[in-house]
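Chain A is fixed; fit chain B onto it per the hints.
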Amino acid sequence: MKTPGILVAALLLAAAASAQAAEGVTQYQAKPGSKMRMEGTSNIHDWQVEGNIIGGSLEVGPNFPSDPTKAAPGKVDAKATVSIPVRSMKSVEKDGKPYNAKMDDIMYEKLLEPTNKAIKFVLGELVVKEAAKAASDPVVFEAKGELTVAGKSKPITMPLKMTVLPDDKLKFSGTAAVKMTDFGIQPPEPLGLGIKTGDDLKLIFDWVVGKKKA
Amino acid sequence: MTASPQDLTRRDFLAGGSLATFMGLLGGVELVAQPEEAAKDEAPPTPANKVKCAVIGCGVWGREIVSTLSRIPTAQVVALCDKYPAYLKRAARLAPEAKPIEDYRKILEDQDIPVVIVATPSHLHKPVALEALQAGKHVYCEAPLATTLEDAKAIALAAKHSPKLHFQTGLHFRSDPQRPFVLNFIRSGATGKTIMARSQWHKKQSWRFTAPDPEREKEINWRLDPQTSLGLVGEIGIHQIDSASWFLGARPTAVTGFGSLMLWNDGRVVPDTIQTLFEYPDGVRFQHDCTLANSFDSDYEAYYGSDAAILIRGSKAWMFKEVDAPALGWEVYARKETFYKETGIALMVGASKQQALTEEPAQDAAKPTALQHALTNFLRNANDLSSAAEDFTTNFGSDDPKALLEHLATVPRQPHAGYREGFEAAVMALKAHEAIATGRRIELKPEWFELA
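Chains as they are written, first to last, in our numbering: chain A, 1 to 214; chain B, 1001 to 1452.
No lab work stands behind these hints, which were simulated from the structure alone.
Since we're looking at a predicted model, the values are computed, not measured.
Beta carbons are placed, not taken as given, at the ideal position from N, Cα and C, and that holds for glycine.
All clues given are correct.
Calculated pairs, DSS-like style, for lysine-lysine (alpha carbon to alpha carbon, straight line, at most 27 Å):
| # | chain 1 | residue 1 | chain 2 | residue 2 |
| --- | --- | --- | --- | --- |
| 1 | B | K1160 | A | K97 |
| 2 | A | K110 | A | K144 |
| 3 | A | K179 | A | K196 |
| 4 | A | K110 | A | K202 |
| 5 | B | K1099 | B | K1089 |
| 6 | A | K117 | B | K1402 |
| 7 | A | K110 | B | K1050 |
| 8 | A | K35 | B | K1402 |
| 9 | B | K1164 | A | K117 |
| 10 | B | K1052 | A | K102 |
| 11 | B | K1367 | A | K102 |
Label pairs and their calculated CB-CB ranges:
| # | chain 1 | residue 1 | chain 2 | residue 2 | range |
| --- | --- | --- | --- | --- | --- |
| 12 | B | P1415 | A | I195 | 19 to 27 Å |
| 13 | A | A177 | B | Q1287 | 53 to 61 Å |
| 14 | A | E146 | B | E1406 | 25 to 33 Å |
| 15 | A | G184 | B | P1281 | 53 to 61 Å |
This is chain A alone, in the form it adopts within the complex (with noise of 0.2 Å):
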């Protein structure tokens, strides 16, 4: 009879599909294309940092969004863990163009470079919040984890957008506003003339990963 071997099909189909969810793990790698900014203050001027090397990896489970039109609110399986080299970071002036290394020297040393390399990120929940308008609309989702600055971990929360891209990547999209004191780092006064640092940090990155090909 037809049905059976249909539904013998099916079936089997079925299995596939689940034994296919069950394994169900996703992994993507980090890829170049991204870029970190930190922007701050002082009593003089305003100042920005940039750099385009953010490291690490990401899980995720089969209730991640595949399709970003189809995100349905609420929390997903989803780990990772980001790390950013504090010597990819440079001073920059408002048009980009680089700006000081002597500066560049007083932020690693407050980073506590070599010591500390990298700024951390682990990533301990993912929320999705609003599925995309459009296919390449962002997902926004809420994410909370733990920041580490010069060996000092705090837990922040922060909102997260993720744009699909071609070649089965992915991008990450976010802010974080913390506060230099919040990682024991005290503000620098450099120069001996009267220049204070602002203690507020707003961190915005754009995290570009791609599918870990088997």
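Structure of chain B alone, referenced to chain A:
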């Protein structure tokens, strides 16, 4: 540029306080680079920030480099090389921790040394520089890059095709922070329309060294041998010629030159006195003269504009305004000095008004020299490039070489003369040398400056 022992004495002379007197006799508004206030809060270099380096070629200038490196906190001289044992020994005294080596290839084989500084006689730069790049070293090669166009091109092309390695030419003026500061006054129009430029390097000295045996004597006097020397224009003038092109913002279109042997008639044929004239676009010309027969007024560069002239002497600079030039405003507060009855305005890089008024001209000895800036920047650039490559491959793997090179292109470099500046300066010096030797005006073809 190679220096003689007498140069070191001159530096001491200037540092000894007589500079203030000398400057007092002259007049000009001084452009003084701000002393390093940042040193107070500067990050003390941890061992990881130190860059291991080797100096290949320990003649007079090589030893000046070793001595300068000892003043740079991020430098760690781990090896010295010279095939002449006496020079090697003298250099070793300046860097007691460094290993003295006679064969440069041993340094190139050492994976633990990431950068080398090539300070051999100019005609011997090529094999060392090329092999160093092949061995994966960052290279600082003294100017002139080479004594023939083919050799200079070979070095420049090898550097161009080694994008993971940082190559720097020993045109140290390009690293002096005072210079872009001064250049701004020209670019911003404060000096008006550029009329002409001139420079000189005058120092009474023989240039001849003595040695225990004739073979060594011939080797050591390579600058006096027309086979191996570009003479005064290639060894000394090249710095000011490169500077002029930088400041005038153009390449010269033709060069004329003359050379004579005026004083040191010891059997040499290389002129001890030269005059060169470089033609630039729009009627601008640059004169450069150089002599080993007289020391008056030492070395300086002057850029003449319709509203003001700028005089650069070492790391100091002054602006002399024309009486009918428009007021800039700030010059009312700036310090002024009188030169030959002309009043010059001191231009201090990075200084506030109060500092401009009250600060005494810093003594030469207290400030880093252009060479020190160049070597500091070289070590930094090399280290930044290596770190960037390492961070990239650690985080993204090595299967996308194109992306790696794209990333390396974004790494900011501290001011320096790269392979392109080094090559162009070599072309100008070589052609000036040819003009002097042949007594002909030489038109400088644009294609000579091209690096395929």
